[in-house]
Amino acid sequence: MASQISTAMDSLNAAVKSNIIPNQEYLLQGSVMDSAVEVLLQRLRGLCDNVDSRPETFRDHEMCFSIRRGPPPEQPLSLRVRRALDHQDMPWQLRYIGQPELGDKSRPTIVRSSIDIATSSTVVEFLTELGCRIDFEYIVQGYMFRKGRMKVTVAKIFKMVQVKIPDNVEPISQSYLVELSVLAPRGQDAIAEDMRIFAEQLRPLVQLEKIDYKRLSH
Amino acid sequence: MGVTVLQQFPMSENRTGPQTIEFLTKRVVALGAVQTGQFLVDCETYQSVPQLGSPKTVHVLHNSEQPASVFAVLESGTKVVPLIADGLFDLLMLKMTSIYTSKKQTKVEAKGPRFEIGDFCVKLGSVTMSQNFKGVLVEVEYRPCVIPGSSWELMREFLQGFLGSAVPNQAPQYLQNRMNEIYQPMDTIQQYLEHFGQYRKSTSVI
Amino acid sequence: MQREEKQLDSALEAIILRVSDLKSAIAGMLYKLEHEYETLNWPNFLDNFAIISGHLTSLSKILGHDKAPNMRNFTILPLLLSPEKDEDLLRMTEGRISTFAHDLVPDYLRTKPEPMAEQKMNHLELKASNLTFEASQDSNKQVAQYNKVVSHVWDIAYKAREEWEGEAGARAAQVQTSSSADTHTLVAAIGMGKGLKSDSGPMAQSRVSPGPPGIMAGRSGGQAQAAGQGQIGVGQMGKAPSAIKTNIKAASQIHPYGR
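For the protein sequence lines, the chains are A, B and C, in the order given. With the first letter of the first sequence counted as 1, position 50 gets the number 50 in UniProt numbering; the numbers rise by one all the way through. With the first letter of the second sequence counted as 1, position 19 gets the number 19 in UniProt numbering; the numbers rise by one all the way through. With the first letter of the third sequence counted as 1, position 75 gets the number 75 in UniProt numbering; the numbers rise by one all the way through.
Simulated from the structure, these hints should not be mistaken for lab results. You may find that some hints are simply not true.
Claimed, not checked - 16 Å max Cα-Cα, derived EDC-like pairs, lysine to aspartate or glutamate:
#	chain 1	residue 1	chain 2	residue 2
1	B	K107	A	D10
2	C	K197	A	D135
3	C	K194	A	E170
4	A	K210	C	D182
5	C	K194	C	D182
6	C	K194	A	D10
7	A	K210	A	D104
8	C	K197	A	E62
9	B	K95	A	E74
10	C	K194	A	D135
11	C	K194	A	D212
12	C	K197	A	E170
13	A	K210	A	E101
Claimed, not checked - Per label pair, the in silico range of CB-to-CB distance:
#	chain 1	residue 1	chain 2	residue 2	range
14	C	L46	A	G103	54 to 64 Å
15	A	E209	C	L56	57 to 67 Å
16	C	A168	A	R146	28 to 38 Å
17	A	K105	C	A160	50 to 60 Å
18	B	P144	A	D167	40 to 50 Å
19	B	S202	A	G103	47 to 57 Å
20	B	M179	A	E209	36 to 46 Å
21	A	R146	B	V146	32 to 42 Å
Just so it is clear, CB atoms sit at the ideal spot from N, CA and C, and this is done for glycine as well.
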């Protein structure tokens, strides 16, 4: 037992300095049509680590909040809260996501800063009282696979027809969203190359790409 | 995790802070307590900027007893919302420095030796606010029980046994309001926050 | 018809011109070899070669040209052979051929195969005529066998090709499995709430002001801090503070979907 005790902030600063906090997300996105999702799931079962078991399913409710940090052009701080509807006793997840960096052609994936925080279920009320406003919410339901440090989700996005009632939902597309992501400490760019190779193996079934959703709005 | 009572130990004229801690250490050791390291509870308070509307306060606390957690308490005037998060929550607060500013001079911490004696855990904390000594807080935890109502009498006896008349016969107000509920780590944090608030208000050592 | 004759004429003219160029170049070189062999140097000599090879190239270009008539299709028919000395011929050939007689014509007009080839043909024909009946039957059988094998291999290759092309075609015609329009819809939805917000305006309002009663389900009204507490720290309770490294790991592993 150490006789000297350091504050939590000191420990956190040390962790930040030694770069062990996974605060970068490497991301590729794509979609697969409902008719072809079974084929994709079969292929992922073959490619990924959790082969022997059935693919892991999930059903999450995600709420997106934002809070102004200053007058425009200052971008509002965007925060996301996610909870597992199928595992109600799990901690909720609070997530900060930074601006996505697409980089040039030589960079295989989108990179964005990310802080993932497990929290108690009071987080929604906490954010609301903090001054955040909810922008939108949705239900995401599907399958999750792992391949080393990579995570693959194949999920349907549902719009909530009634506020706060996650049972009454309707899909927003005839396709499943496919995401390939890794959360890693800053500077581990080698993982992006692994992701590119993995994405290559899913073609032409799914085209996993760097997508700039900011540009899609125009 | 059991029920915890936080008790202020009044300072006397003829003892300094470290001397008080030493004095209490002798007493608990005499009872058969064994020192098991140090403990630390700290609290940093953030204030919303005026542009955000009605003033809000966020207290962010850490307790070495739950080292992977960060405890936040938001006071918005009408509501008090507690939040338990993992350690990265501190990084998120750093993202909000333009709307929630830290009042560094009110940063409080309670720090000192931690003892175990049978089912009890005793912590002798000297309270400092931005390096100034403010007083002594004694934390006693009775670990086998999680219902305050069932354990208060036992704890009172134990507390009075080594703190003497400083301990009232009534449970602290905070516990009285939830005598029959399951005690949680956040309750300890709330008690610290109440006491820290008193130290902040007073200008002298208490 | 007339046009073709004209073409032939002009082609012949061009060929003759090239040939005479080539001839004069060869003559020039021979002259040099005979008269200037004492002063002749290699670069000069090689230059002459280059000139000759240039002429040869342009000649073969004319012969290979699209518009040039195929000389192979034309026949030269010697109408009259005579053992008499012919003065005109002598002059035209610069004194090389004096008579147009039967002993010279086959060589010059190539009515026979080349002597070497002729010899080989004779040899083979002799061998063939000496073969016995059985031996020829045998070799016929072998030929038939060989043909059979070759055609069989060809069949296999052809079938494989057909299959392969068919597969490639089928793959190209395969049903679409992903749509970039759908990808964009989905990504914009989760990224910016596009398509999720449209009729959710009032919802956002109601959410912010009175606070979300539904979220706190299972809680006793005024005591918001009762139920979900201590979840995060449970694992560490009663334990000594461990290093931050493991803390962060433990925290990030709490939620397996840590997206």
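### Task
List, from low to high, the hint numbers that the structure doesn't satisfy.
6, 17 and 20
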